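For the record, the sequence lines run as chains S and U. Last residue of the first sequence? That's 391 in the working numbering, and every number before it is there in order. Last residue of the second sequence? That's 391 in the working numbering, and every number before it is there in order.
Just so you know, the hints here were simulated from the structure itself, not pulled from any lab data. Small disclaimer: the values here were computed from a predicted structure and weren't measured. Among the hints, a few may not be true.
Note that the list lumps identical chains together, so a pair holds whenever it fits in one copy or between two copies.
[Said to hold, decoys possible] Within a straight-line C-alpha distance of at most 27 angstroms, the following computed DSS-like cross-link-like pairs (lysine-lysine) qualify: (1) 185 <-> 368; (2) 185 <-> 229; (3) 325 <-> 229.
Protein chains: 2
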Amino acid sequence: MTARPTSRRGLFRAAGLGAVAGLVPAAARAAEPALRGTGDLGLVVERATGSLLLVETTGRSVLARIEGLGDMSHASLVFDRTERFAFVFGRDGGLTKVDLLTASIVKRVVQGGNAIGGAISDDGRLVAVSNYTPGGVRVFDAETLEMVADVPALDRRGAPSKTVGLVDLPFRTFAWSLLDGDEIWIGDFADPRAPKLTKHPDIGRLPYDGVATSDGRWYVAGLFGEDALTRLDLWTAGAKPEKVLTGYGKGEQPLPVYKMPHMEGWGAAGDLLLIPAVGRHEVLAVDRDTFREVGRIPVHGQPVFCVARPDGRQVWVNYAHPKNDTVEVIDVPSLKVVHRFVPGPAVLHLEFTPRGHEVWISVRDRDRIDVHETRTFAKIAEIAAKSPSGIFFTPRAHRLGV
Amino acid sequence: MTARPTSRRGLFRAAGLGAVAGLVPAAARAAEPALRGTGDLGLVVERATGSLLLVETTGRSVLARIEGLGDMSHASLVFDRTERFAFVFGRDGGLTKVDLLTASIVKRVVQGGNAIGGAISDDGRLVAVSNYTPGGVRVFDAETLEMVADVPALDRRGAPSKTVGLVDLPFRTFAWSLLDGDEIWIGDFADPRAPKLTKHPDIGRLPYDGVATSDGRWYVAGLFGEDALTRLDLWTAGAKPEKVLTGYGKGEQPLPVYKMPHMEGWGAAGDLLLIPAVGRHEVLAVDRDTFREVGRIPVHGQPVFCVARPDGRQVWVNYAHPKNDTVEVIDVPSLKVVHRFVPGPAVLHLEFTPRGHEVWISVRDRDRIDVHETRTFAKIAEIAAKSPSGIFFTPRAHRLGV
Ligand code: DHE
Ligand code: DHE
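With the rest of the complex left out, here is chain S (with noise of 0.2 angstroms):
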C-alpha cells in the first residue's frame, strides 16, 4: 500500500502528508485550484487572527489559508449541501460566504452586531442566524446574501431577545430559544417572505443553548436559571415544551460556573445522550427516549464538549478553565472513563472524521492541532494553527439539527 491519494489530488498542493504543516506557503493562495472532491475538506477557526485555516483530513493536511473574516473570537459555521461553500458567523455580527474549492471570500456582509451561530436549510437555499444583537433570527439567500427575512424576538410581553440554539429542522425549518424570554420558536420558512411561527412561552429560565437530537425528533434547550433542561416533540402536533432532568444538581454543593456546557455533539451513542453537567465534574448518561438520568460518570474537570464519536461508541471530552489542557474518552457500553491525555494548554474543541477513525481536536495556546487515532488514542499528525478554536469538516453538511 504507497498509496497516498492527498498527494495525487491536493488542492494547492501546499503542505505535507501528517506533519507539522507549518505556514502556508505564499504561493499556495495564487495558485491555480485544481479538481478535486470536497467531501475530505474541513475549516479551522484561527480566533485571534480573523482567519480560517482550509484542510484535508485524508492526507491531513493544511491547503490553504483565508484571512479577512472580522472578529472570530467565537465563530462557527455551516457547509452547503455542495460542501463547496462555508457561511460562518462571526462574533461582529458578519456573515461570510466562503468557497474552499478556490480559498477565498464570495461575499461578506455584516447582518448585526454580535452573532452567536445559525444554520443553513436542508434544501441549502437559506442561511439563518441567531443574533445576541439586535437579538432575533435573519434568514439569507444562500446564493446572495440577501436577506430575506427578519424575525425579531419580541417575547410575549413584547421585549426583545437574544436568540440562541438555532438549528435546522426538515422542511426549511429553524428552531431557536429566546435566551432573556424564555420561549422556543419554530419557524418555517417554506415562503421566506412569509415565515409561519410557532411560539412556546414559559420554557424555563435562560435557555442559554439548544441542540436537536439527530432524528430531529426532540428540540433540547438547556437553561441556565434553572436546574433542569427543556424538551420539545417536534413529532407530535401540539405538543409542549417539557422540564427534563429537573434537580439534576439537587442536594449537591454547585461548583462555581466556570463556562456554559455546550450542547453541540451530543446524540449518537446508541440509546443514551452524554450530557455535559453544568458546573459539576460529572457526564450524566441519559436515556435517549425518556430523558432519565441512567448513570452518572465522574470526569476530570467541567466538561465543555461531550462529543460522540460516530458510531455512539466513544464520547471523547474536554474541559473549562483552569483544566481545560485535558481531554478524557469515555467507552460508552461501560460508561467509563477508559483514557485521559494532556495535549497542552486551551482544548477549546474536536471533530471527529465521518466514520470516526481518527479526531482532530484544537489546542489555542499551542498554536497546533493534534490528529489521534481514535482505536489507538495515539497521536497521528500535529497541524500548526493560529490560536485554533472550532474545527468544521464538510460531512456536517448533511447532519440533521446541526
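With chain S fixed as given, assemble chain U with the ligands onto it according to the hints.
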C-alpha cells in the same frame, strides 16, 4: 427567492432545473469540467446499457452519462471519502473506478467472474469486493486498483463459498457472509497483506445478504434457508452470533417468494428497524436492541427495499413483481401506511437526499427517475434514464456499514 445555485455551479451545464432532462447533450461529455463541490452528486445505474447517469440533487438534473461499464444488470457502488470517485461493482466481476468531476472512467479491472457488491474502508484506502465466482473477498488499493489481498471463502469443511453482505466496519475492517458455508467472517485489513480473520461458523442456513446497523454495533445476516435472522455483536469481544426473529413466519401460509428482500436502508427509524418480511405482504417492526418483533404492518406486496428517511420518521417501501409498480410510505410513530402511489412498472430502488427532504425513485420500465418531496409526497421532477435501477448519492461516503 430566485437563488438557483445549480444553474451557476453546474458541472456541465447540461440539463434544466427539475424538468424532464431528456437525452444528455452530446457536448456535455466533452465539455471542460467546471469547479464544483461534490456533496450533492449521485450516480444512477442504467442496468441494460452498461452505463451510469451522473446527477445532482440541488437542481435535480442530469450532468452526464458515463458509458463502458460492462454488465450492469445488478450493479452497486460506493464512494470514496473525498466524494470524487465511485467504485462500481458489476455483475460481470468488473470493478470500475469512476471520476465524478470529469465524468469518466479512471480505471477498470475485471477482478472476478460474478460480483455482488463491495465496500470501502473508513480511511478510503481499500476497496473490498464480494464474489459469487470465484467466491471469496478481494481487496484492492483504492488509488491503483491493484489487488492487495485475496481471501478465498473456504468454509470449515474446506469447501469454497459465494460471499454476500459485505460491509465496512471501523478501522479498515470488513464483515461478510458465506452463502454456501453458513459462516460470518470479520476481516481486519489494517495490514492488508496480512489480514486478521475471525470466523463464525454455523450461523444458520444460507445467509443471502447482510447489513451493519448504522452505529456499527450489530452485523445482521438474512437467512434464506431458515425462518430467522442471525446477528453478531461487534462491540463485545468473543461474542457469538445469535439467531433472532426465529419463526417470524411460523404458523402462517407462506407465499411463493418472488424476490429476496434487500437489507440495505434499514436501521435508522428511531428505536425500530423496519424489515421486509420474506415471502409475505408484511413489514416487521423490530426493537433495535432486543430484535424482538413489536409490530407487523400489512402492505401492498412482498417488500424488496424498506428504506428509512434519514430522520427515521418515515419508511418508504417498494415491492416484488407482480406488484412492483407501487410505493408505500409507512409513518414510523404510528406504524401505519399513510400514503400509496403508483409510479409505474418496475420500481427498483429509492434513495433519499441526505437530510431527507426529497426522494429519488427509479421506474425501470418507464425509463424514468421520479423525484418526490417527502413532506407532501408530491412529485416535483422527472428525469429520463435508461432502465434505471440503483440510485446512489455521494453522502453515502460518510456512512458506516454500507
Ligand atoms: C450558543 C452557542 C453556540 C451554538 C451556536 C449555534 O447554534 O450554531 C456555540 C457554539 C460553539 C462552537 C461550535 C460547536 C459546533 O460543534 O458546532 C464552538 C467550537 C464553540 C467554542 C467555544 N465557545 Fe461557544 N460559547 C457560548 C455559546 C455558544 N457557543 C457562550 O455563551 C460561551 C460560554 C461564552 C462566550 O464567550 O460566548 C461560549 C464560549 C465558548 C468557548 O470558550 C469555546 C470553547 C472556544 C472559543 O473559541 O470560543 N462554541
Ligand atoms: C447481496 C445483494 C446486495 C448487497 C450488495 C452489497 O452488499 O453491496 C444487493 C444490492 C442491491 C442494490 C444496492 C442497494 C443499496 O442501497 O446499496 C440494488 C439497487 C439492488 C437491486 C436489485 N437487486 Fe440486489 N439482488 C440480490 C442480492 C443483492 N443485491 C439477489 O440475490 C437478487 C434477489 C437476485 C439477483 O438478480 O441477483 C437481487 C435482485 C435485485 C433486483 O431485482 C433489484 C431490485 C433491481 C436490479 O436492478 O437488480 N440490489
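Status of the hints after comparison with the structure:
no.: 1; hint: 185 <-> 368; in the structure: between (49 angstroms within a copy, 24 angstroms between copies)
no.: 2; hint: 185 <-> 229; in the structure: within (17 angstroms within a copy, 53 angstroms between copies)
no.: 3; hint: 325 <-> 229; in the structure: between (35 angstroms within a copy, 24 angstroms between copies)
Violated hints for the displayed structure: none, as all numbered hints are satisfied.
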